[in-house]
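Chemist: Sequence:
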Amino acid sequence: MTTRNLDALFHPRAIALVGASNRPGTIGALVARNLFDAGFDGPILSVNPKERAIRSSLNYASVADLPIPVDLAVIAAPPEQVPGVIGHLGERGCRAAVVLPNGYGPGEQMEAPEQRQAMLDAARPHLLRIVGPNGLGFISTRARVNASLAHLMPAKGDVAFISQSDTMTAAVLDWAHARGFGFSHVAALGEKADVDFGDMLDYLALDNTTRAILLYVENVTDARKFMSAGRIAARAKPVIVIKAGRSAAGARAAMSHTGVLAGSDLVYDAAFRRAGMLRVHEMRELFEAVTTLSSGIRLAGERLAILTNGGGAGVVAVDALEVGAGQLGTLQPATLEALDKLLPRTWSRGNPVDVQGDADGARYGTALKALLADKGSDAVLVLHAPNALSDSGAAADGVMAVLETRPRAPVLTCWLGETAAAGARRRFAARRIPTYDTPDEAVRAFGHLVSYQRNQTLLMETPPARTFDEPDREVGRRLVEGVLREGRSALTEVEAKAVLAAYDIPVVDTRIAASPEEAGRLAAAIGCPVVVKVLSHDLTHKSDVGGVRLDLRNPAAVEEACRAIVASVAEKAPGARIEGFTVQAMIRRPNAQELIAGIGYDRTFGPVVLFGQGGTAVEVIGDRAVALPPLNGALAREMIERTRVSRLLAGYRDHPPADMDAVAGTLVKVAELLADLPQIAELDINPLLADENGVIALDARIVVHEARVEGTGRFAIKPYPSTLVSDLHLTDGSVVLLRPIRPEDEPGLVDVVHRSDPQDVRMRFLGSVKDFPHLMAARLSQIDYDREMAFVAQEANGDIAGVVRIIADPDNEEAEYAIMVRSDMKGKGLGFQLMSEILAYARKRGLRIVFGDVMRENGPMLRLAEDLGFKATPGSEDPSVMRVVIDLAAPSPVGSGIPVEA
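Each residue of the sequence shown is one higher than the one before, counting from 506 in my numbering.
Subject to a maximum C-alpha distance of 27 Å in a straight line, what follows is the list of computed BS3-like cross-link-like pairs (lysine-lysine):
id : residue 1 : residue 2
1  : Lys846    : Lys880
2  : Lys874    : Lys846
3  : Lys1376   : Lys1331
4  : Lys661    : Lys748
5  : Lys748    : Lys1223
6  : Lys1376   : Lys1349
7  : Lys1077   : Lys1047
8  : Lys1223   : Lys1349
It is worth saying that the hints were derived from the structure and are not from the lab.
Just need the whole structure built from these sequences, with the hints factored in.
Modeler: The structure is reproduced here in structure tokens:
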């Protein structure tokens, strides 16, 4: 991901409009009107070889004639001219362009791939960023830029909207305009030839004019980039997404159950969840969610208390809660006692708390205080139904009086009705107290908070590629590679179970028989009853062709079953070749649940792990959850909890709870298997039996292909690089732990800044820093471990003593470094060692150049850079800053000792 030169898009100093026109009804005339009428306070220069002036402003015949450099260009030229225009603009110093259609007819949009590539090739030497082509354009209400074909300029607000669809963008703008909803920025990305969702998310994560981000997504082109940027943005502010194409029609054909079940939309849902985003499904819900999440309310749990003046409204809210996220809270005895003293004798004495129809503002306020103090609930929904005995305005006053001293208390409001409730809802909204028209909407909003909190918890999980020791990992590799050498795409059941066993996943002992007679002898050796299955590379699902026989109680029954299998296969799959039979013990575990666990492959997000209820009717039942690898125990358990079968696993009646650690551990091992064996495309463990004694795989199928990417390279989320953890020995004899940074290090980074001398902080950030904001700390601690790497030095007490990082360019050739050592840790050689470690990592990554900007007065850092082999040159713009550069291809300098200043 990169935000390079996107400042020219969001904050241009001058704009050029190429393809401007005075002819009514043309794209050039429409975008000229939007640009000139938006109120941009810099120069707007139009380019058209046939016009003398555009909207009474002097026009220029070509880009070469422009009298001043421009940061941003808006291009509405014919498609064949766009690459040349981009090249000329880049030569003149332009750093960003919005490429619009030239018109709406055939040949007026950039449709040919070779034209798009020529455009990108023309932009690359100048690092010129392109939005589009063929999108609606870009709007920034903050910069008063309307470089779009939108039919209106939105109001100023603090929510950014990034869309893939022109029609949806226009519809959202119209919908928001009618409701007075404003935006900070709006972008319709069109074909995303250059700037995509990842770039926009990465920039908006640190944009202090944007409080929340809305996305309309049809597809993602670079999964790892999207996940990296999305996770960074979602740590900083709410990211809410609406995804088109929710049906399963797009799921690809697959050989395994997991390939069928892991449909595309299910994978997108898993990706959004893992990125800490909130997914919604309707346009109205999109704006409800942003209002709710932007209120600043955050939940400690998922229990809701309901306060109402009407029993019916409370019942509607409870019904909505039953089918949504969250649960009804239970009032604690102390709360019941307090409410008994405050409320009429006829109050409901339970949740919902019915304060009766004549409740005034004081009764609402005292009841709300009691519920906010209750330990059995995590949020309160306050309902008011209009009636002749209660003043809705006074009731609202009572609620607002309580919230005056608790501005971020977890309180949602719903004043039912229209005439009587409108005033109260306006006053709630003015104070940023979430308010809704109906109980259903209010409960859905609570569900948004619950889901968002769950996803934010997932976002903090950074599992390593492996958490188990697997001494037989090489066994799995040999089996898979052997199958590929034979030209096969599927392992036999016995081979598949051997791979699982190599990863310590319990499997039932399974043996191969070449004939019915041999199957009978094996059954006698194993001990009856047994299960017999057909062995054939041509059959995907054995039970579909009568290829499975259960509970065979003696060798004769086994031989007879084998002959029946041969006859059944000949009838139902006459072309299938039978290599033999497998024989295994009949497992009897009466309390066990049949589960499915496995691996599927998504064309966008790569391999995914699937879990759900198993058995022969697995696709009919459709009870499944999908997650992106890598996994750890917490992520695996969350995945399990999203399925209906999880309730059965929890135990019921005389069925004890299943061993959830064993179930979750199996999912983690499946994900680790993915990291080690990139040849695996699909895997089924079905059924996987689970009960109080653990798990056991009764059947398994694995589909393989030649590996195109090694290891975790095909993962959408790069695992935490735990192999980079080591010890650093400092000159004073102390030892600190060197490790890659984690999201939970955010407070530690703030602590480093707060415990450092202001002068040291100024040297690090090239200027005075009065405070270290949450957004910046979140951005620095949540990294993707791909293009960016940061190492922290951690003391024995857990405090962070220093941090060093590099951020590489999109081509993985150059990287910028930054380092900070806590002031009280200077003079111990920590800075030198941190820099040495990050440079060693950069060399291993194959980076060519590492550079950094250092203030001229920062003598210790300049001397440290020189000792490490950097060359210093004057900065390009600021004379107070030097740029230090090291060529990593050159030999490392002979050590001159560790400077005491470091």
